[in-house]
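Q: Order-wise, the sequence lines are chains A and B. Using this note's numbering, read the first sequence as starting at 4 and increasing by one per residue. Using this note's numbering, read the second sequence as starting at 4 and increasing by one per residue.
Honestly, the hints are just simulated from the structure, not real lab data. Given the structure is predicted, the values throughout are model-derived calculations rather than measurements. Among the hints, erroneous ones may be present.
Given that identical chains are not distinguished, each listed pair holds provided it fits within a single copy or across any two copies.
[Stated by the list, open to error] Straight-line C-alpha distance at most 16 Å; calculated EDC-like pairs for lysine to aspartate or glutamate:
(1) K48 x D198
(2) K56 x E152
(3) K56 x E66
(4) K48 x E66
(5) K63 x E53
(6) K69 x E22
Protein chains: 2
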Amino acid sequence: MLMVYSYFWRMNFSSKLIEQAVDEFAALPGIGRKTAYRFVLYLLKKDEEEVRKFGNSFIKLREQIKYCENCHNISETQLCGICSSHSRDGSLVCVVEDIRDVIAIENTAQFKGHYHVLGGIISPMDGIGPAELNVETLVNRVKRGDIKEIVMALSANMEGDTTNFYIFKKLKDFDVKISTIARGVAVGSELEYTDEVTLGRSIVNRVPYENSLVR
Amino acid sequence: MLMVYSYFWRMNFSSKLIEQAVDEFAALPGIGRKTAYRFVLYLLKKDEEEVRKFGNSFIKLREQIKYCENCHNISETQLCGICSSHSRDGSLVCVVEDIRDVIAIENTAQFKGHYHVLGGIISPMDGIGPAELNVETLVNRVKRGDIKEIVMALSANMEGDTTNFYIFKKLKDFDVKISTIARGVAVGSELEYTDEVTLGRSIVNRVPYENSLVR
Chain A
4 MLMVYSYFWR MNFSSKLIEQ AVDEFAALPG IGRKTAYRFV LYLLKKDEEE VRKFGNSFIK
64 LREQIKYCEN CHNISETQLC GICSSHSRDG SLVCVVEDIR DVIAIENTAQ FKGHYHVLGG
124 IISPMDGIGP AELNVETLVN RVKRGDIKEI VMALSANMEG DTTNFYIFKK LKDFDVKIST
184 IARGVAVGSE LEYTDEVTLG RSIVNRVPYE NSLVR
Chain B
4 MLMVYSYFWR MNFSSKLIEQ AVDEFAALPG IGRKTAYRFV LYLLKKDEEE VRKFGNSFIK
64 LREQIKYCEN CHNISETQLC GICSSHSRDG SLVCVVEDIR DVIAIENTAQ FKGHYHVLGG
124 IISPMDGIGP AELNVETLVN RVKRGDIKEI VMALSANMEG DTTNFYIFKK LKDFDVKIST
184 IARGVAVGSE LEYTDEVTLG RSIVNRVPYE NSLVR
């Protein structure tokens with residue numbers, strides 16, 4: 004009886020239309036089938052017009068999105084607002100993994116330079132090598148000679164370190180200073196809960212006391 | 004300086020296209036702006052064709068979804084697989100809130116009757132009253148005379164109880180037995196962690212020992 008019901012449930016019960024929509028939602032990062040189903044049921048309660056607006060917003064985004072030709076940030080014009088701004092310092096370029104990191108750093112209000120968005124990070128397991136990233140355009144920007152310092156602001160993990168090293172090798176023969184954002188204990192955290200590697204680095208790369216004061 | 008950067012970030016930095024897509028995702032239940040952004044960045048890395056398939060799956064679902072004319076379950080035919088099956092007992096009808104509950108009950112393999120999907124639950128705070136639910140069609144089904152028992156399987160909360168009461172009043176003058184699914188301690192749980200209301204009900208509505216044995 005249990006076998007019949009299971010078969011029955013799979014074959015007759017759920018609709019292909021529903022399953023396709025659930026599959027699409029379940030492919031989003033961090034979303035399992037149960038949540039995907041909840042999303043689908045939510046959409047089914049909306050008007051057709053609202054759901055068309057929902058679905059089309061993504062299609063429209065993907066078809067119309069443009070990128071800054073200088074830094075690969077999202078942009079509605081050829082040059083993004085940051086690259087074309089006279090109040091930013093174009094001799095300082097911060098290299099980031101993706102758009103979200105540009106927003107994160109902008110939110111700190113501690114950086115006045117330009118960016119370079121790699122579009123990812125070297126990760127052999129995900130099939131992402133240097134060729135899939137915006138590395139050549141970074142080299143070309145450095146060749147133009149206006150850049151004095153490159154700040155590497157990638158994730159402080161193995162893929163980030165690998166990417167840092169690759170880019171360092173590519174740029175070290177040019178007349179440009181290469182730095183990375185500091186590793187250390189997070190503001191507000193206790194030493195007891197800091198892992199040993201980070202703690203070790205925080206000692207080796209210690210800074211003058213005055214630098215640690217929040218301005 | 005901080006004010007200028009905040010203004011700059013909002014005005015020049017993020018694209019309207021991105022914001023619209025983020026807004027759509029953020030309207031999904033349980034999804035905040037950070038997760039919505041993560042979804043958008045995920046989609047931006049996909050091919051245009053994949054994103055079209057993504058967006059269109061929801062539009063197609065909403066435009067083409069059909070419901071069983073008897074029980075309001077999703078169905079690709081006028082009568083769903085359950086309502087048209089000869090091996091199901093049409094004299095026993097289980098009333099549920101939505102499609103997901105039909106699946107949940109089917110998964111127990113303990114129910115052989117038909118369903119009636121209300122499409123929601125009475126919730127004044129959400130603006131859902133009886134008129135927004137499939138109550139009249141339930142009454143009509145009962146009027147047809149084939150139904151011997153209605154099993155109320157709504158959530159065991161205030162909205163569920165309110166809906167139970169409303170439907171009970173609507174149906175009590177008909178020759179139909181009305182029951183609700185049992186409240187009690189969850190299988191596998193400890194008495195210590197059961198709330199007092201549920202514990203009280205489990206005592207008042209106690210069942211013969213033999214019923215508690217798993218078959």
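Q: Hint by hint, work out which the structure violates, then give me just those numbers in ascending order.
A: The structure breaks hints 1 and 2; every other hint is satisfied.
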